[in-house]
Amino acid sequence: MSLIFALFRASPFAPLQAHFATAHAAAQALEGLMQAAWVGDWSRAQGQVQLIVALEEQADTQKRTLRAQLPKGVFLPVSRSDLLQTLQEQDAIANLARDIARLVYGRRLQLPESLQAPTLDLLRRSIATVNEARTAVNELDELVEVGFRGRRVARMQGLIERIEALESESDWLELELRDMLFAKEGMLNPVDVIFIYRLFDWLGDLADHAEAISHRLQLMVAR
Amino acid sequence: MEAGTLYIVLAALFGLFMAWGIGANDVANAMATSVGSRVLSLRRAILVAALFEFAGAYLAGGSVTTTIRSGIVAPTHFATEAELLIFGMLAALLAAGSWLLLASARGWPVSTTHTIVGGIIGFAVVAVGAEVVQWGQVATIAASWVVSPLIAGTCAYLLFRSVQRLILDTDDPFTNARRFVPGYMFITGFVISHITLSKGLKHVGLPLSGTEALVIAGLIGLGVMALGIGFIRRIEPLAGADRDFQFTSVERVFAVMMVLTACSMAFAHGSNDVANAIGPVAAVVGLVQSAGSVVGQSAIPGWVLFGGAAGIVAGLTMWGYRVIRTVGRGITELTPSRGFACELSTAATVVFASGVGLPVSTTHTLVGAILGVGLVKGIAALDLGVIRSILLSWLVTLPAGALLAVLYFYLLRALLG
Numbered sequence: 001m002s003l004i005f006a007l008f009r010a011s012p013f014a015p016l017q018a019h020f021a022t023a024h025a026a027a028q029a030l031e032g033l034m035q036a037a038w039v040g041d042w043s044r045a046q047g048q049v050q051l052i053v054a055l056e057e058q059a060d061t062q063k064r065t066l067r068a069q070l071p072k073g074v075f076l077p078v079s080r081s082d083l084l085q086t087l088q089e090q091d092a093i094a095n096l097a098r099d100i101a102r103l104v105y106g107r108r109l110q111l112p113e114s115l116q117a118p119t120l121d122l123l124r125r126s127i128a129t130v131n132e133a134r135t136a137v138n139e140l141d142e143l144v145e146v147g148f149r150g151r152r153v154a155r156m157q158g159l160i161e162r163i164e165a166l167e168s169e170s171d172w173l174e175l176e177l178r179d180m181l182f183a184k185e186g187m188l189n190p191v192d193v194i195f196i197y198r199l200f201d202w203l204g205d206l207a208d209h210a211e212a213i214s215h216r217l218q219l220m221v222a223r
Numbered sequence: 001m002e003a004g005t006l007y008i009v010l011a012a013l014f015g016l017f018m019a020w021g022i023g024a025n026d027v028a029n030a031m032a033t034s035v036g037s038r039v040l041s042l043r044r045a046i047l048v049a050a051l052f053e054f055a056g057a058y059l060a061g062g063s064v065t066t067t068i069r070s071g072i073v074a075p076t077h078f079a080t081e082a083e084l085l086i087f088g089m090l091a092a093l094l095a096a097g098s099w100l101l102l103a104s105a106r107g108w109p110v111s112t113t114h115t116i117v118g119g120i121i122g123f124a125v126v127a128v129g130a131e132v133v134q135w136g137q138v139a140t141i142a143a144s145w146v147v148s149p150l151i152a153g154t155c156a157y158l159l160f161r162s163v164q165r166l167i168l169d170t171d172d173p174f175t176n177a178r179r180f181v182p183g184y185m186f187i188t189g190f191v192i193s194h195i196t197l198s199k200g201l202k203h204v205g206l207p208l209s210g211t212e213a214l215v216i217a218g219l220i221g222l223g224v225m226a227l228g229i230g231f232i233r234r235i236e237p238l239a240g241a242d243r244d245f246q247f248t249s250v251e252r253v254f255a256v257m258m259v260l261t262a263c264s265m266a267f268a269h270g271s272n273d274v275a276n277a278i279g280p281v282a283a284v285v286g287l288v289q290s291a292g293s294v295v296g297q298s299a300i301p302g303w304v305l306f307g308g309a310a311g312i313v314a315g316l317t318m319w320g321y322r323v324i325r326t327v328g329r330g331i332t333e334l335t336p337s338r339g340f341a342c343e344l345s346t347a348a349t350v351v352f353a354s355g356v357g358l359p360v361s362t363t364h365t366l367v368g369a370i371l372g373v374g375l376v377k378g379i380a381a382l383d384l385g386v387i388r389s390i391l392l393s394w395l396v397t398l399p400a401g402a403l404l405a406v407l408y409f410y411l412l413r414a415l416l417g
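Chains as they are written, first to last, in this note's numbering: chain Z, 1 to 223; chain H, 1 to 417.
In case anyone wonders, no lab produced these hints; they're calculated from the structure.
Be aware that one or more of the hints could be misleading.
Unchecked claim - List time: in silico EDC-like cross-link candidates among lysine to aspartate or glutamate, alpha-carbon distance up to 16 angstroms:
{"id": "1", "chain 1": "H", "residue 1": "K377", "chain 2": "Z", "residue 2": "D82"}
{"id": "2", "chain 1": "H", "residue 1": "K377", "chain 2": "Z", "residue 2": "E176"}
{"id": "3", "chain 1": "H", "residue 1": "K377", "chain 2": "Z", "residue 2": "E142"}
{"id": "4", "chain 1": "H", "residue 1": "K377", "chain 2": "H", "residue 2": "D169"}
{"id": "5", "chain 1": "Z", "residue 1": "K72", "chain 2": "Z", "residue 2": "D82"}
{"id": "6", "chain 1": "H", "residue 1": "K377", "chain 2": "H", "residue 2": "E333"}
{"id": "7", "chain 1": "H", "residue 1": "K377", "chain 2": "Z", "residue 2": "E139"}
Claimed, not checked - Which chain H residues stay away from chain Z? Per the calculated CB distances, all over 12 angstroms, these:
{"id": "8", "residue": "I8"}
{"id": "9", "residue": "R179"}
{"id": "10", "residue": "F231"}
{"id": "11", "residue": "L411"}
Being a predicted model, the structure only gives us computed values, none of them experimental.
Note that beta-carbon positions come from the ideal geometry of N, C-alpha and C, so glycine has one too.
Chain H on its own, in the form it takes in the complex (with noise of 0.2 angstroms):
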């Protein structure tokens, strides 16, 4: 394929422009609770985020990327035309990117995960037809969208049951604070790499079996709470606090615990939106290096991974930060002890998704958290019309992505083809 070395460098450029913008955008929304509730300062909430949105990335996101990249359209229905898959995950990657731009700069709340889907569905449909797109996969990644703010939901409401019954509704919370989050810190070790061991790991050249999954996984457990109950030890009760201001108390032990979930939700964050941008760009790389030959279910390349997870670490270092800090102002009505929950939730929930390969929403993942922490009575004030803006984003982003992909796919091909 003689312009291959220019479908690579457009690409790499598009999905670099489109990691940008999600971690510009994006990680705010999973970042701002961690600095809303006042647990990380601006500084570290970026470092916490660069740090793991990279390692989830890294470590997690090849099943995620390889859905983009080729779950949705199959590549052997462009057996005989690769230039038109390699238009149409140009113009996908574009039309999400820029739709992004524009909705950002609208102040809507959409979704980039939905747009890329859209966009590839569009394409597919227009350029090719219906029938090379994988509508089983794309039913199942459409019932993702719906269960996983629901699972989120249940998790964070059984788990804030859990704190309620075993801490805050008791004697003596703090004792109990100090007593049982150790435990919470055990778990979220425990799940968090458990998933990425048995599910996500593979895709960086380190199959485990499934023991060595499962006692990986509860040494880094172990190891989290370890950590933890080093920095809760430190925690004084408040001096003089009576009854009524224990719940101050109860709050900072929480907020070490808050730390951990934040690592795992910039972790689950990478995992899973990572794959927006570089889905795309590895099928591009993919198909020009099999020189069209679509077989191509080569491994990801090394640099792809990397080259997603730096974009997104500059987004958020150029332009997230002030997202993060407009978006952690506006929600100082969530506690650590809520805010944990939700965190803890939603990543376990993002992560298992990014395991199996589903491209899901963190954000609405993350509503459907907080609502379940709402259904315990523990958060004072929610506006459900957000509701209404997902459904919105449903309905509205698919088709726009779809449309704008189209475009862009004729301007390519007008230009390059």
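Isolated chain Z (complex conformation) (with noise of 0.2 angstroms):
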């Protein structure tokens, strides 16, 4: 065996760019569940939850791969840790999304209709927040290109400061939706308002697992 052969290992980059499109795309589905499920078409949702599962179920393949594929030994650029804890907040999107999906669907739940168009808001803020922080796990590539120096350094910079901010709008609406809830709790059915609050607590999560990966991005790029 050729020592120059055993010194080069793959790159786990691009299988860590590759298991956010999965977990995004997940997270992404979301949207068309909820629609389907406030319209009453159960069959639609049941089809997205499908969609959804599916796509946990293939980011959890790509997790085990990846892992297998950073033993101890290997020298990166980055600290092997941040990198796999990426990869655990990534996953944790995943598993949300399907959970967040197995609960709106396993439980029919249906919101008053008032605080449905503010439901998908905050679905879809948090999902703009992992859509950020998708941009900047793929900017790992021009960084392990130019070696993580200067001005690529800098754009992940202000990309780790949008996501913080996308994170807090997220926080606010999630705020906004808690006190509509509270104000209507008398009129609905109290095991239905427990697990809308739930709904929500995971809806801002899904923010604040991206908001998490943005961190391990600051101290990739730390000096």
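Assembly of the complex is requested from the two constituent chains, each provided in isolation within its own frame, with the hints serving as guidance.
So this is what it looks like as structure tokens:
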């Protein structure tokens, strides 16, 4: 075996980006699910759930493959644990999308009409945060090309700030939704109320995981 | 010496076998970086390797050959028994050749340089005694095995840092690549030819003065640069390429650069590693021709250098291309902007070692250079387990070469002595 051959390992960045693409797609499919749920089209909703579950499983496989590719002796331009944590957070987004899908579909969860549009807003804002995090993770290629220095690092810092701003917007939307739900609690089935709160919680969590990714990226580019 | 012709024929055969083995196996490490980064097709890599391995061996291979031949054990110690030295050199060649064969079959990463040095020390200690080994010279050689990867690593680190500063981390990487890459080309042409001219050429009977060497090297550097500019001018930025895709265009400029450093690598490898095969041959030929009177510091016969170079090219074309292809497939992560830094650093280090007559491992030096670029965070993923393999090849290959050489030595003495 040639030493030079043994020296090179496959880049972990492309598989990391591919995993995020899957997780992102799972989260994006939630919008179709909610729109179907709120017009009571449960057969379309079921299709969306199946899509999300399949994507989550695909993400799991990708996660396992990438982890196997990163044993301890591997020398990376970034910290191995930051990379693995990023993968973990990305995977959490896929898992959360699956849990949300099962919650909405499993309980045939219905929202008061006045809450539907703001809930969709919250979902879209959280997915926008995820989307921005994905842009940032896709930047890792360019960072490797320049060797994690200079302008590209500054650009990454800019993306990280955008992610944080989007996350705090989704935080505010979640807070407003909770207030709206609180005002209506008395008119609703108490068990539903509990799960609607949980839905809001989880939708907010999507953005939280995106933000956690940005923090890992921050550590990767910090000197 | 009545058996003289037999000894020369045996030495030539064993030396050719060894050179063939080096060409079949070792050259791959030098050329695969260029194939892996898609700069050279396999066919072109073979062509470049054949041409420049040959040139390196012939023009700059003399000093290391002299070291292997008469630097590790001084022939004067064998004044009364020249045949012992002849058997020893034959044994060392056989030991290195068969060890290389076994290691290739088993997939062990071994260094030919280490094996042959171990072999020569081994037979000398057993045949005559530890006092015939020039331990000071051996210590220098051993130190060079540690120092050469470190130097190449440092060079590669600094080179790649300069590429970052001047080209990659700028507003317009493509324009800056076109502007600065010719400068790196000049450096490559100048450095490699200057070391060769000032240190190596005396062995082919062309001693140059310091100024002459500087001027000629400068001219070669300029010539190489002019040629390179001609090729770089033709590269247009990829159509519709926005900033994000500029790096693809930048890499195409570096690809031109890397053709040049690939030639340098082959030249460097030829200048250093061919000696492993022909050093012992030269020793045997010298002893036989001076009829046992060991004064023999005569020049290395041209046909010996030529034969060694030809053996390497034969091994390369008959078997080495497969290894290059396999290795090249495994290292696609090395883009030309890094590959050139690794190759240039390695080539300069190895050619310098050749100039001062130190047998070093081209492969280990290249590993050092690649790790140097890795430290600038320029490579996506490297396996540090390789460092352990290198240490192991220092610890295992030397004794293995020595042991085998001793066995072959006794065998040859029993058969021929």
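Going through the hints against the structure:
| no. | hint | verdict |
| --- | --- | --- |
| 1 | K377(H) <-> D82(Z) | holds, 15 angstroms |
| 2 | K377(H) <-> E176(Z) | violated, 45 angstroms |
| 3 | K377(H) <-> E142(Z) | holds, 12 angstroms |
| 4 | K377(H) <-> D169(H) | holds, 13 angstroms |
| 5 | K72(Z) <-> D82(Z) | holds, 13 angstroms |
| 6 | K377(H) <-> E333(H) | holds, 13 angstroms |
| 7 | K377(H) <-> E139(Z) | holds, 15 angstroms |
| 8 | I8 | holds, 34 angstroms |
| 9 | R179 | holds, 17 angstroms |
| 10 | F231 | holds, 22 angstroms |
| 11 | L411 | holds, 30 angstroms |
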